[in-house]
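S.K.: Same order as they appear, the protein sequences are chains A and B.
Under UniProt numbering, think of the first position of the first sequence as 1, with each following residue one higher.
Under UniProt numbering, think of the first position of the second sequence as 1, with each following residue one higher.
Quick caveat, the hints were computed from the structure, so don't treat them as lab data.
A few of these clues could be false.
Given that identical chains are not distinguished, each listed pair holds provided it fits within a single copy or across any two copies.
Pairs of lysine to aspartate or glutamate residues, derived as EDC-like cross-links and limited to a Cα-Cα distance of at most 16 Å, are as follows [said to hold, decoys possible]:
{"#": "1", "residue 1": "K160", "residue 2": "D269"}
{"#": "2", "residue 1": "K201", "residue 2": "E91"}
{"#": "3", "residue 1": "K201", "residue 2": "D222"}
{"#": "4", "residue 1": "K160", "residue 2": "E45"}
{"#": "5", "residue 1": "K160", "residue 2": "E260"}
{"#": "6", "residue 1": "K160", "residue 2": "E282"}
{"#": "7", "residue 1": "K160", "residue 2": "E91"}
{"#": "8", "residue 1": "K160", "residue 2": "D273"}
Letter by letter, the chains look like this.
Protein chains: 2
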Amino acid sequence: MTVLILTSEEDVTADMVVVHLNALGVPVVRFDPADLTSGVALSGEYVHGAFRGHLSSAGRLVSLDGLRSVWVRRPGAAAARAVVPSAWLTEESQQALYGMLRGVPARWMNHPDAARRARHKPWQLRLAQRSGLPVPATLITTFPQAAREFAARYPDLVVKPVSGAHPQDPPRAVPTSRVDPDTDFTAVAYGPTLLQRRVAKRADIRLTAVGESLLAARKPADPDADPDHVDVRFAPSTGPWQPAEVPPRIADAVRVYLREAELAYGAFDFAEDADGTWWFLECNQSGQFGFVEVDTGQPISRAIAEWLSRPLPGERQQPLNRTDSVLP
Amino acid sequence: MTVLILTSEEDVTADMVVVHLNALGVPVVRFDPADLTSGVALSGEYVHGAFRGHLSSAGRLVSLDGLRSVWVRRPGAAAARAVVPSAWLTEESQQALYGMLRGVPARWMNHPDAARRARHKPWQLRLAQRSGLPVPATLITTFPQAAREFAARYPDLVVKPVSGAHPQDPPRAVPTSRVDPDTDFTAVAYGPTLLQRRVAKRADIRLTAVGESLLAARKPADPDADPDHVDVRFAPSTGPWQPAEVPPRIADAVRVYLREAELAYGAFDFAEDADGTWWFLECNQSGQFGFVEVDTGQPISRAIAEWLSRPLPGERQQPLNRTDSVLP
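Between the sequences and the hints, there should be enough to build the whole structure, so can you do that?
M.R.: Now the structure itself:
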């Protein structure tokens, strides 16, 4: 049984996981869907009520029935590097590849449907509330009056995009910024605006969830930092990430979140306040983890390799660390 | 409890359903997400573990908690008709609207995740097989040799797109066409190709499923028709659609399909062969039904209105056909 990794060619984070998969003796096929029709080929046959499918990449042929798991890491758009690329060819190739893969019993990290749903920030906030995670008071609105009333109740606010990255090519991260209390909210009518109570944080928390395994890292906030620098992605570093204990209530809530979201992997961002409360900011279902592993030494890539290697329900388990097996 | 309909302004099929909803005395809010920020407004507040959301359209304000169901008919891209439209504004508005709606307990026809998945033709074919529907032998491939071998086994073939409509603006339907037995399949390597055994059909079948209700219509094939005209959408009409009985085994299989696909609505296309077998061609989760209702008199729009009107689980049922009720 093979692990399929869909990602771009230059992905050192995927390389880290492949090293562990190799050590476990698990066969791996890795390719970028962008290479479909130029290096990567697929075929699926529906005859007499049965389906038989194959993928070929770099001269290796793998049966879709033989897939144990699919890791959707950072795949390119299907057939984007074809000899004559087009929106039509990408759509056809995307449908052919993912349409076939959706029909096989492999386990997904993460399933495309769960991944897509998980990107909705308003849905994330609601699920976090329901899962029992503390969520800073938040408003998403196109009503200027609603924004004004919210700012009166919560004078210390930040504004951030509803959807994440700006869709230019390459996508541009829009920083979270503080909102001046005297802001004129009239322009809110022209586009949905996300306002959130600013958490006066003493640390940033990154919690990486891989199946049931939760690994948290913490980075203290710089006490001398300009309070206008609220976005950790754009703030000067205050030192490396350090491993952190996950409070049991947070662990329970995160597991509820992942189960409801049907996610096998999630990178949670929290802001830790002066009382030690972890405030949920977001969960990125494809968040990077390499920088945390490098700083903390936490075995995230190994946890991912182990999750991807797990046998399917009903599959006869074979010793995973034996590469010299003569069994078929 | 209100029914929310997301569709374009000029949608006479939606009008048919609204007439029935009005007759049932069910409150309806209908708008096009394209009008977000210019006529349609939204707001959602996440405070103290709870969510309160509102939509406003044409001066009417509706609470998201008060939504009974959401009918995703033919909505435009969010904020497409804003004063200054942009890809960024559409993405922000799409996320805000659907992200909030995904968090409320309303019933969906169809849920965006189920709708998206259901568009994958390769997945449809596999699910149809598993559900027990007869599926014509089909190959989807980028291997010329696989195409040649398939054509040798099934010399009477059609070719059709994997993904449906060509993504131009407006989208263009690509007709299903016969494949000459002497075809050179070399070009298959340049894009996934769907080849299917041609069903020598004596009739086209359109089965419209609304919840548990299945309504089938049949149109006999023209016996004098050119056998190269395989696509009913482009063939000259042979007369109106007629109501047809659904064979019990097909009904069972279609219900399995809908349950597995998590679809509340589906328009199934079958080809009926000389033995009376219904061969599954596709299920369009947003297929039109107005033309069938007009030809056959089948109460499809009423079935949709009734499905949308059903109370949520746990909701206190109120008499639906009373508009003079003094209850709140």
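S.K.: Against which earlier hints does the structure fall short, listed by number upward?
M.R.: 2, 5 and 8
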